[in-house]
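Chains P and H are the protein sequences, given in the same order.
Under this note's numbering, the letters of the first sequence match residues 158 to 306, in that order.
Under this note's numbering, the letters of the second sequence match residues 158 to 306, in that order.
The reader is advised that the hints may include incorrect statements.
As the list claims (entries may be wrong) - If you want a taste of the chain P side facing chain H, the calculated C-beta under 8 Å gives, among others:
1) A173
2) A176
3) L177
4) S230
5) S231
6) S274
7) S275
8) L276
9) T277
10) L278
11) L282
12) V285
13) V286
14) Q290
15) R293
16) H304
Stated by the list, open to error - Heads up, simulated BS3-like pairs for lysine-lysine below, C-alpha to C-alpha not over 30 Å straight-line:
17) H/K225 <-> H/K240
18) P/K202 <-> H/K302
19) P/K225 <-> H/K225
The hints are simulated quantities; they were obtained by calculation from the structure and are not laboratory data.
For glycine and all other residues, C-beta sits at the position ideal for the given N, C-alpha and C.
Number of protein chains: 2
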Amino acid sequence: MAKMIFLTVGSLKNKACLALQEEYLGRIRHYTSCELIEARDATQKIPESENLLKKIGSGDFVVLLDEKGKTVSSTGLAQQIQKWNGQGLKRVVWIVGGAFGVAEEIKKKANLVLSLSSLTLPHELARVVFFEQIYRAFTILKGEKYHHE
Amino acid sequence: MAKMIFLTVGSLKNKACLALQEEYLGRIRHYTSCELIEARDATQKIPESENLLKKIGSGDFVVLLDEKGKTVSSTGLAQQIQKWNGQGLKRVVWIVGGAFGVAEEIKKKANLVLSLSSLTLPHELARVVFFEQIYRAFTILKGEKYHHE
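Pulled out of the complex, with its shape left as it was, chain P reads as follows (with noise of 0.2 Å):
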């Protein structure tokens, strides 16, 4: 089962926000190995893109979330993570921009680019939404009751 690397800029600030993802997160680790890393916000010197790049190995499977990706549903995410699982990849990096989405150096590094939904969100709530979209995708693959459409 290929790692997870939750990468996103900065911490969650709206404390509902930040339990919901826990909670999510916690439930994720029953079904694979993962890591949240919140690179830091640029500052003057040092951009965004500088603190997620030096995050990504060499050999990492990169997945970039943009609403100008490809559109995925709840089930055809969990056939993603199959499929990769099939292929014997070690890392899989997501990376989940934050409220102004992700510099033009950060997206040539993606090997695929997914959009979960049309709607503009909030960051925060996105990336509740995120986490409960990864969880959801193994209960499906496990043939969870947690998924029904």
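Given the coordinates of chain P, work out where chain H should sit on it, guided by the hints.
Same frame as chain P, now just chain H:
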């Protein structure tokens, strides 16, 4: 401005979702008169649909949120609200179902069926996303900074 009635089933159990719901409802109240009605869950004697139906007035414009509905974007939702205001509607009743959607007799009451997302979300989180989108719609109509694409 049409009064917004948010007709749901049961109250939220997850404290974080409840906090987010309260936050967005509070923000929506800055723009329009609104009311959250949490109809009773079904009992052995009274189905959920009956509890919902008695909250709908004969002159109400009824919008059902359903994954099989017409997909609408954040800006599309704003345009829809603007249209109703132009038409002088008194009350718009939004039906936001529980985990298992709503009964057929409720679907028949709907003047419009909208889908906010192709994702399957837990109904408590879906409710939060819905309220955030209603709030966002008002900020779009007012040309406020909150929304950027």
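Status of each hint after checking the structure:
| no. | hint | in the structure |
| --- | --- | --- |
| 1 | A173 | 4 Å, holds |
| 2 | A176 | 4 Å, holds |
| 3 | L177 | 5 Å, holds |
| 4 | S230 | 6 Å, holds |
| 5 | S231 | 5 Å, holds |
| 6 | S274 | 5 Å, holds |
| 7 | S275 | 6 Å, holds |
| 8 | L276 | 6 Å, holds |
| 9 | T277 | 5 Å, holds |
| 10 | L278 | 7 Å, holds |
| 11 | L282 | 6 Å, holds |
| 12 | V285 | 7 Å, holds |
| 13 | V286 | 7 Å, holds |
| 14 | Q290 | 6 Å, holds |
| 15 | R293 | 7 Å, holds |
| 16 | H304 | 6 Å, holds |
| 17 | H/K225 <-> H/K240 | 22 Å, holds |
| 18 | P/K202 <-> H/K302 | 27 Å, holds |
| 19 | P/K225 <-> H/K225 | 23 Å, holds |
Hint compliance for this structure: every hint is met.
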